[in-house]
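**Q** Each chain, written out:
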Amino acid sequence: MTTNERTLTKRDFTSDREVRWCPGCGDYAILATVQSLLAEVGAVPEKTVFISGIGCSSRFPYYMDTYGFHSIHGRAPTLATGLAITRPDLDIWIVTGDGDGLSIGGNHLMHTLRRNVNVNILLFNNEIYGLTKGQYSPTSPLGSTHKSTPMGSLDRPINPVSLALGVEATFVGRSIDTDRKHLTEVLKGAYEHRGSSFVEIYQNCNIFNDGAFAALKDPDKKDLNQIRLQAGEPITFGPDGERAVVAESDGSMSIVPTEEAGDRVVVHDPARDEPTTAFALSRLALNPTGPTPIGIFRDVDRPVYDDQLRAQVDAAKQQRGEGELTALLDSGNVWDVL
Amino acid sequence: MTTNERTLTKRDFTSDREVRWCPGCGDYAILATVQSLLAEVGAVPEKTVFISGIGCSSRFPYYMDTYGFHSIHGRAPTLATGLAITRPDLDIWIVTGDGDGLSIGGNHLMHTLRRNVNVNILLFNNEIYGLTKGQYSPTSPLGSTHKSTPMGSLDRPINPVSLALGVEATFVGRSIDTDRKHLTEVLKGAYEHRGSSFVEIYQNCNIFNDGAFAALKDPDKKDLNQIRLQAGEPITFGPDGERAVVAESDGSMSIVPTEEAGDRVVVHDPARDEPTTAFALSRLALNPTGPTPIGIFRDVDRPVYDDQLRAQVDAAKQQRGEGELTALLDSGNVWDVL
Amino acid sequence: MSDTSTAQRERIQLSNAVVRFAGDSGDGMQLTGDRFTTQTALAGNDLATLPDFPAEIRAPAGTLAGVSSFQLHFSDQDIHTPGDAPDVLVAMNPAALHKHLSALKPGGIVIVNTDAFTERNLQKAGYEESPLEDNTLTDYQLHEVPITELTLRALEGHIERGELNKKEAERCKNMLALGLVSWMYHRPIDETEGWLEDKFAAKPAIADANVTALRAGWNYGDTTEAFAFTYEVKAAKLAPGRYRNITGNQAMAYGLVAASVRSALPLFYGSYPITPASDILHELAKLKHFGVATYQAEDEIAAMGSVIGAAFGGSLAVTASSGPGIALKTEAMGLATITELPMLVIDVQRGGPSTGLPTKTEQSDLFQVLYGRNGEAPIPVLAAASPADCFHISLEAARIALTYRTPVVVLSDGYLANSAEPWMLPDIDELPDLTTAFSFTTEPNRADGSFVPFLRDEDTLARPWALPGTPGLEHRLGGIEKEEETGHISYDPANHHAMTEMRYARLERIGAQLPPLEVEDPDGDAEVLVIGWGSTLGPIQAACHQLRQRGRKVARVHLRHLAPLHPDLEEVLGRYRTVVCPENNMGQLAMLLRARTLVDVKSYDRVTGQPFAATELAAVIERYGWGEQA
Amino acid sequence: MSDTSTAQRERIQLSNAVVRFAGDSGDGMQLTGDRFTTQTALAGNDLATLPDFPAEIRAPAGTLAGVSSFQLHFSDQDIHTPGDAPDVLVAMNPAALHKHLSALKPGGIVIVNTDAFTERNLQKAGYEESPLEDNTLTDYQLHEVPITELTLRALEGHIERGELNKKEAERCKNMLALGLVSWMYHRPIDETEGWLEDKFAAKPAIADANVTALRAGWNYGDTTEAFAFTYEVKAAKLAPGRYRNITGNQAMAYGLVAASVRSALPLFYGSYPITPASDILHELAKLKHFGVATYQAEDEIAAMGSVIGAAFGGSLAVTASSGPGIALKTEAMGLATITELPMLVIDVQRGGPSTGLPTKTEQSDLFQVLYGRNGEAPIPVLAAASPADCFHISLEAARIALTYRTPVVVLSDGYLANSAEPWMLPDIDELPDLTTAFSFTTEPNRADGSFVPFLRDEDTLARPWALPGTPGLEHRLGGIEKEEETGHISYDPANHHAMTEMRYARLERIGAQLPPLEVEDPDGDAEVLVIGWGSTLGPIQAACHQLRQRGRKVARVHLRHLAPLHPDLEEVLGRYRTVVCPENNMGQLAMLLRARTLVDVKSYDRVTGQPFAATELAAVIERYGWGEQA
Ligand SMILES: Cc1ncc(C[n+]2csc(CCOP(=O)(O)OP(=O)(O)O)c2C)c(N)n1
Ligand SMILES: Cc1ncc(C[n+]2csc(CCOP(=O)(O)OP(=O)(O)O)c2C)c(N)n1
Ligand code: SF4
Ligand code: SF4
Ligand SMILES: [Mg+2]
Ligand SMILES: [Mg+2]
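Residue numbers (my numbering), protein chains in the order written: chain A, 1 to 338; chain B, 1001 to 1338; chain C, 2001 to 2630; chain D, 3001 to 3630.
Since the hints were derived computationally from the structure, they do not count as laboratory data. One or more hints might be untrue.
Across the chosen pairs, the derived CB separations fall in these ranges [stated by the list, open to error]:
#1 Gln318(A) <-> Val1256(B): 43 to 49 Å
#2 Glu2156(C) <-> Ala3505(D): 57 to 63 Å
#3 Arg2596(C) <-> Arg1017(B): 37 to 43 Å
Not close to chain C: a few residues of chain D, all C-beta gaps over 12 Å, as computed [claimed, not checked]:
#4 Asp3076
#5 Leu3142
#6 Tyr3231
#7 Pro3516
Result set (EDC-like, lysine to aspartate or glutamate): computed pairs, CA atoms no more than 16 Å apart in a straight line [unchecked claim]:
#8 Lys3286(D) <-> Asp314(A)
#9 Lys3286(D) <-> Glu322(A)
#10 Lys3099(D) <-> Asp2492(C)
#11 Lys2286(C) <-> Asp1314(B)
#12 Lys181(A) <-> Glu40(A)
#13 Lys2286(C) <-> Glu1324(B)
#14 Lys3203(D) <-> Glu3168(D)
#15 Lys3237(D) <-> Asp3076(D)
#16 Lys1133(B) <-> Glu3056(D)
#17 Lys3105(D) <-> Glu3616(D)
#18 Lys3237(D) <-> Asp336(A)
#19 Lys3286(D) <-> Glu324(A)
#20 Lys2237(C) <-> Asp1336(B)
#21 Lys10(A) <-> Glu40(A)
#22 Lys3166(D) <-> Asp3115(D)
#23 Lys1222(B) <-> Asp1240(B)
#24 Lys222(A) <-> Asp240(A)
#25 Lys3602(D) <-> Glu3527(D)
#26 Lys2167(C) <-> Glu2149(C)
#27 Lys2099(C) <-> Asp3492(D)
#28 Lys133(A) <-> Glu2056(C)
#29 Lys2166(C) <-> Asp2208(C)
#30 Lys3166(D) <-> Glu3156(D)
#31 Lys2286(C) <-> Glu1322(B)
#32 Lys222(A) <-> Glu242(A)
#33 Lys3553(D) <-> Glu3527(D)
The structure presented is a predicted model; accordingly, all values stated were derived computationally and were not measured. Note that beta-carbon positions come from the ideal geometry of N, C-alpha and C, so glycine has one too.
Build out the structure end to end from the sequences listed, making use of the hints.
**A** This is how it looks when you write it as structure tokens:
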């Protein structure tokens, strides 16, 4: 997280490249929000790097007037890790899709999160492969009929938030492409978090999977379906807060009328040491078609992989003195021929 | 899960290949247990297939007198998936290590589990890379000093049970190489489960990581540290059952003296619909150096990927009649030249 | 619509014609081209097509990057390429005109949608001034048609009746263009009418609007006097039979199903989507009633692994990808090689390196599939030469895989994948019978009653294919070097050398058992040989045709088998004074040939993401064969 | 221990000797060999070693599969190989004898540990009868030594005093064997004594026991009359300087550190363990005080990605693997190529295909690293020729990577990785200064004050290396084809062809800027040229030496650069009547040379997991060069 002395605007983060997503794509809104956010928080363009994989969403770096790397399918976290280890002075953002990040790239995502590398990961989840024109993805609901699944998909979808919590990610959030205010808030949290932050963003692909998030976006449904997690607040929702989340005796969570909940309503605390509660919350919605928690699920401080790696290098120098090449070669059994 | 009319013994599952693990390796005990188990449950050797990746543990198939495939590093689940889809008549076992299954192969593991492919996955966790002579693995405790981490490892270890539950695996168990009875019980559960079963087996590597599971194995420590999960039973442990697991109001689990627990003691139910409770239990031990749950965490029925895929093929035949090649080629716009 | 109405216009007889439709990605040019192709095929012409579209799903409307085009070449003769320079260019907007005008034949016909020539669009297309108003088009026959306006007018009634809104109506403008061009070339449109009605069965208003626009286009040609001529290309004298148009990807999918039917093995197809290979998956996913199991894996490595597992289990196992995905499969392809299991790996090549040019064609993965594995891991490699050949190459690849128990690579490319050609439907019963290529081993194979999985057939060097489930034949496969016959792990030095040599010997055996190499040398006295492989067949054929018409003695050979190379090659290459090898890569086959034969094979290489033009190759062959003076 | 005690025995002067220690994996043969090597180096001989061990960590004790061996060749001359046939074989058990006897020189010395020749062990080794009792060993000088027994007796006191148990005492038997052989060859053992005391500093009883066993071995030779002769190999006339022994993996690690120091760039090493490359990681992990960041990634793809990221950030970024891991890196190596970032990819080759022979050596990944990528993706490839050369090749690879802004592949192999040779320590200040190879771009590079990331240096065709963090130079890299100069995404056909040609042109530029190719042709009149690359240098040198001593006129050239091939090659190959190319693969370089030069290069291939023997090559060269009669 860098800070800026100059006062910049969204324009300073906007490159001169023409944006080439389909008209109406949710990616536009996310782009605009990120550009504004960076200006707002005082990020420094030259210290900011966007790294992406392959997919529609992964075209993101071209549109940012920062450093960027449009890498290969699923591998953005690997480049980011190499860069994060060697360049502590940079703010590194990863942009990935549900296919890029969860299908081909699932392993790197998981290991990056468990290592707690200092990067911000934005997963644009449109529940579809956009760039390759509409195959189902690991987040597509069971039974989705798309190009490769004319009779319906059979793979039980991944819940990206559950997955991230399963590997103990230190910052886990979820937001919605078009909810600029909410998205800004969650992304600001991610930006301020040292270590890996993971944010799932529901993103509409109006060409191949239009309306996948209608339950959370339609004006007449969203109040019923958005469970907005707010640190320190009891978790209630509905137009008049009439529904509440409570913990059962076996540790699972359920939704009950607020009036029946009494003091069983769970008070949200993203800083809880263990990911258990956050995990339970993530289980409330298997697909975003009914009441679905959004916001920051978890935000805890843990040692950061790359910080510690550099600390070891420093410690080694301290303990053994800066390496000296002649001494290195001379070490071990040497003999002289005269 | 096949059954056998013949009465077989452990010997019928023992190949003529000389076993080549280091003397004292925990793999021997697991091998013997699996061989006996298969005889006991009436498995059919020719209908049984062991598929492994690369690592010491992955030599397993050579020692089984069944069909087998010693594949490449991390990829055993991918071969198993192709085989399971096309051959519903086989019992397929995957043998993998903590490096093979969680480092290079983490993504395949995750996707196999979420698809609920009909395979039994045995992860031999010795918290080390054995075959490549002693580098730390994704399950090595933080700060482990091994060949590639002379100043201590920095990656926060994966808890394989949490990970499996994070992707909603339908059968998740954990046992110990040398506890033949317990291991048999858990493996029997895995064998009987239709869909993916995942069993983490703590396995001692006496050459590169001796004693990693001493807390759960030493006669004078194990009663204090094994939290044995038993379906339908309240979760208590200790030499005289003096400690109990209770759920907190935020859904997390903790350990308290049984006498203070009262009716808060969690009763174990692996068949719970949601993985939440099982996940909470998995969080009780971050490394198996203190009280650690073993047994069957989760065992639920869910549609099986390969069953459903075959059902679609059958349905297509039913709906459209068995495919006819001439008709296929003739479909679309054809014209005749005379 | 009857053809008589155009009687009053002069009808020019042509032997062939090349038409290119170009417009914005949103303008439906691929669909227009497809329809025109079908109409043309039904009219009995031989034809070839060349679709070309941007990598973005929807590149920004009106820009050069957003232009999508479709070219069709049709003829009363046998033809081989989608044509070099178009006779007619339909440009739906300024960007389309800007991008494609230079390709047009001198004096060719340009039909522009004048409604799209707005200030904004001109600017997006990089025109400072309107090309309709300066001298840009003076050398062409320009037809300015207000296509959008005409469409809206034709659909006025529909809009008024509220059957569709203006935007929807505008979208029918491609049908108006199609109607117009159909009229120009006397292509019947009733087939397309039927097709539209089918396609929009659920939305009859849309169907009706499209049909109306289509007819309006036809009528516009017929009614206005702007078009003085119409053109007629008579039906080609194709061999008698039943025909259909087919793209390479579709043919590949059908070929795989045919191989499954002809081998009586269930087809397992495990794959991960990637352009331009995904359509094979989409096609096969629709064919489950053939017992086809399709599996969309989490990545290409998993797809490759699944195919090895399915082959072990006794399926006809197939995967496909394009270059970047094949790169990921290479480690597992090594495992497939050493375990000697039959399976197919299809590489639908695209421009590289790395992500490269995902929607463009190239032949640059030849070396990758030959050599992109650790260690000495020889795999047979075949290449399809035309869209329809994808069908036949699947069968040939399956034959080799099943007979010799080996993975086989099939090369296709972006051009073959997406372009179409008329294909005479084969007689199913005359397709190769693949059931004779293999049998599953069910009994012990040694005198002592034991079974060893690496005892070989003397003729083919194939090892037994014994499936899990077979009692008494339990065995273990794996990636570590195997002892001869027993297949046990072996670190023995001499054994490793012998097994390595065996793997090459088996490859050579495949070559030795091929029919003689066919060389096209009409008079048997050619001095120059053109050698090629894959999708360059069409342009090479056409170039040779041109040269022969000019009296040049040129012979031609086209390789379907890249590994093993045909054993006749040394002899064949030795027969000619000059050997020329054109490729859409930097000379990969040429290098193989040079190393193998020590003949100074001349390599002509171009990687532009576009297939060769026939005239381009004719010039190259002329130059290499007969010197600069030509 | 002074040498005078052996005075009464006849001392035979030799020019060189080859000793092989063989025993069970648990017998500590690698350590014994290492110690004997160090003693020998300190005695001033030139030497070369060949360790050979099973793929299993601990294969079953006593079996053939469990045998581990270590061979040392030492001389008073310059030598090039670890020796063909040993003069002395120390066999710690029957399996070791069985496996290695056939390699021994006729009449050679065999020292066996008779205590290990039990019924059970004989059976495990596949002996029906004891070879000590039948005629197996009649043609050799057999020394039956009860090594275990002697060890236990020497340590009786230790056991009685409870300082160690019997099993621990037995484990010292390798030191007894070492003592005996050291006595035979007049190698001083005090260095090893000191080493043992250091190594077991924490367990003085163990240290003392080992030293006691070592001395007991020496004394056994000295005292018993079983050994009639001792042997002396005088110090070699090595160039004056300071020497150490070094293995290839260690040299590679030190070379990378040297490149980091000499370029003033921090070293980032991202890797995933794999035999035989892992030791480079282990070495570097110990060198954090040089500012080295080592990262054990989750797999090879991640390792490769991390290196691209670190190169983007301005580190000297390096990864290493062996064949199967390189296969996984190929897709990302394509990305490295198209983004033109400097980095090194080291391939420590092993036997393939697939998992193959993980602990054995082979040169069969040459094609994989040259061609194993999708599309046309040329990368420079270098190969180390000896263990110590791994140091220098790292620097050369870094020079090319940094100068031309490109990934570079470095080939090593299992033999180089694990064997040692004496190495004269270089003068640090005379190592190449790599700071002049590059500079980070910090300013705009166009007249209009803008920055474009693909504007090239005219001389090297290198593009700017502008690091994130540099104000005003913000830019985006990626895997899609780039527009010349600007680096923007470009699908333009002509641009793609031009960029592809540029990538090859840059490779050729590297070749053109190399010093002339050095050919070893002592009298300048050779008729036969032997061409090789990589670890075959030693045997080729030795073979040529043998041939020249027989009067054969033979020249020799050894390639360090495999891509680009040296521009002098055509001319050089053309000078000789016959060109022979021996390789530990199936003829990969030979194929490149044939294609490039059209010279009928004769390929000699052997893949047994073992390096060539000098006599083997001498015979081959003789046959190809002067016919069968020789
Ligand atoms: C190795 C490799 N495999 C496959 C592809 C093809 N491919 C490109 S993007 C993509 C999936 C895109 O889906 P997602 O990540 O959800 O991104 P979206 O387009 O939906 O934003 C695929 C399969 C590729 N480019 N590289
Ligand atoms: C592609 C590839 N990368 C790396 C290796 C080297 N390798 C073999 S096994 C292994 C790790 C073994 O660890 P684990 O899975 O824990 O098995 P264990 O030996 O401990 O049973 C590694 C890194 C390989 N064989 N292939
Ligand atoms: S295809 Fe979907 S995700 Fe891709 S740019 Fe278009 S709308 Fe967006
Ligand atoms: S190295 Fe460890 S895991 Fe491997 S066989 Fe030996 S004891 Fe077992
Ligand atoms: Mg997506
Ligand atoms: Mg392990």
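**Q** For each hint, tell me whether it holds in the structure or not.
**A** We went through each hint and held it up to the structure:
1. Gln318(A) <-> Val1256(B): 43 to 49 Å: The hint (43 to 49 Å, Cβ to Cβ) holds, given that Gln318(A) and Val1256(B) are roughly 44 Å apart.
2. Glu2156(C) <-> Ala3505(D): 57 to 63 Å: Since Glu2156(C) and Ala3505(D) have Cβ atoms about 60 Å apart, the given range 57 to 63 Å holds.
3. Arg2596(C) <-> Arg1017(B): 37 to 43 Å: holds, 42 Å
4. Asp3076: holds, 31 Å
5. Leu3142: It holds; Leu3142(D) is separated from chain C by about 26 Å at its closest Cβ, greater than 12 Å.
6. Tyr3231: holds, 29 Å
7. Pro3516: holds, 25 Å
8. Lys3286(D) <-> Asp314(A): holds, 13 Å
9. Lys3286(D) <-> Glu322(A): Satisfied, since the Cα-Cα distance of roughly 13 Å is no more than 16 Å.
10. Lys3099(D) <-> Asp2492(C): holds, 10 Å
11. Lys2286(C) <-> Asp1314(B): holds, 13 Å
12. Lys181(A) <-> Glu40(A): Between Lys181(A) and Glu40(A) the Cα gap is close to 13 Å, so the pair holds against 16 Å.
13. Lys2286(C) <-> Glu1324(B): holds, 14 Å
14. Lys3203(D) <-> Glu3168(D): holds, 12 Å
15. Lys3237(D) <-> Asp3076(D): Roughly 7 Å separates the two Cα atoms, so the pair holds.
16. Lys1133(B) <-> Glu3056(D): holds, 10 Å
17. Lys3105(D) <-> Glu3616(D): Since the Cα atoms of Lys3105(D) and Glu3616(D) sit roughly 14 Å apart, the hinted pair holds (cutoff 16 Å).
18. Lys3237(D) <-> Asp336(A): holds, 12 Å
19. Lys3286(D) <-> Glu324(A): OK: Lys3286(D) and Glu324(A) at ~14 Å, within 16 Å.
20. Lys2237(C) <-> Asp1336(B): holds, 12 Å
21. Lys10(A) <-> Glu40(A): Distance of about 8 Å is within 16 Å: holds.
22. Lys3166(D) <-> Asp3115(D): Distance of about 15 Å is within 16 Å: holds.
23. Lys1222(B) <-> Asp1240(B): Judged against 16 Å, a Cα distance of about 13 Å means the pair holds.
24. Lys222(A) <-> Asp240(A): With a Cα-Cα distance of about 13 Å, the restraint between Lys222(A) and Asp240(A) holds, given a limit of 16 Å.
25. Lys3602(D) <-> Glu3527(D): Cα-Cα ~14 Å, so holds.
26. Lys2167(C) <-> Glu2149(C): Status holds; Cα separation ~12 Å.
27. Lys2099(C) <-> Asp3492(D): At roughly 10 Å apart (the allowed maximum being 16 Å), Asp3492(D) and Lys2099(C) satisfy the hint.
28. Lys133(A) <-> Glu2056(C): Between Lys133(A) and Glu2056(C) the Cα gap is close to 10 Å, so the pair holds against 16 Å.
29. Lys2166(C) <-> Asp2208(C): holds, 15 Å
30. Lys3166(D) <-> Glu3156(D): holds, 9 Å
31. Lys2286(C) <-> Glu1322(B): With Cα atoms ~13 Å apart, Lys2286(C) and Glu1322(B) stay inside 16 Å; holds.
32. Lys222(A) <-> Glu242(A): holds, 14 Å
33. Lys3553(D) <-> Glu3527(D): holds, 6 Å
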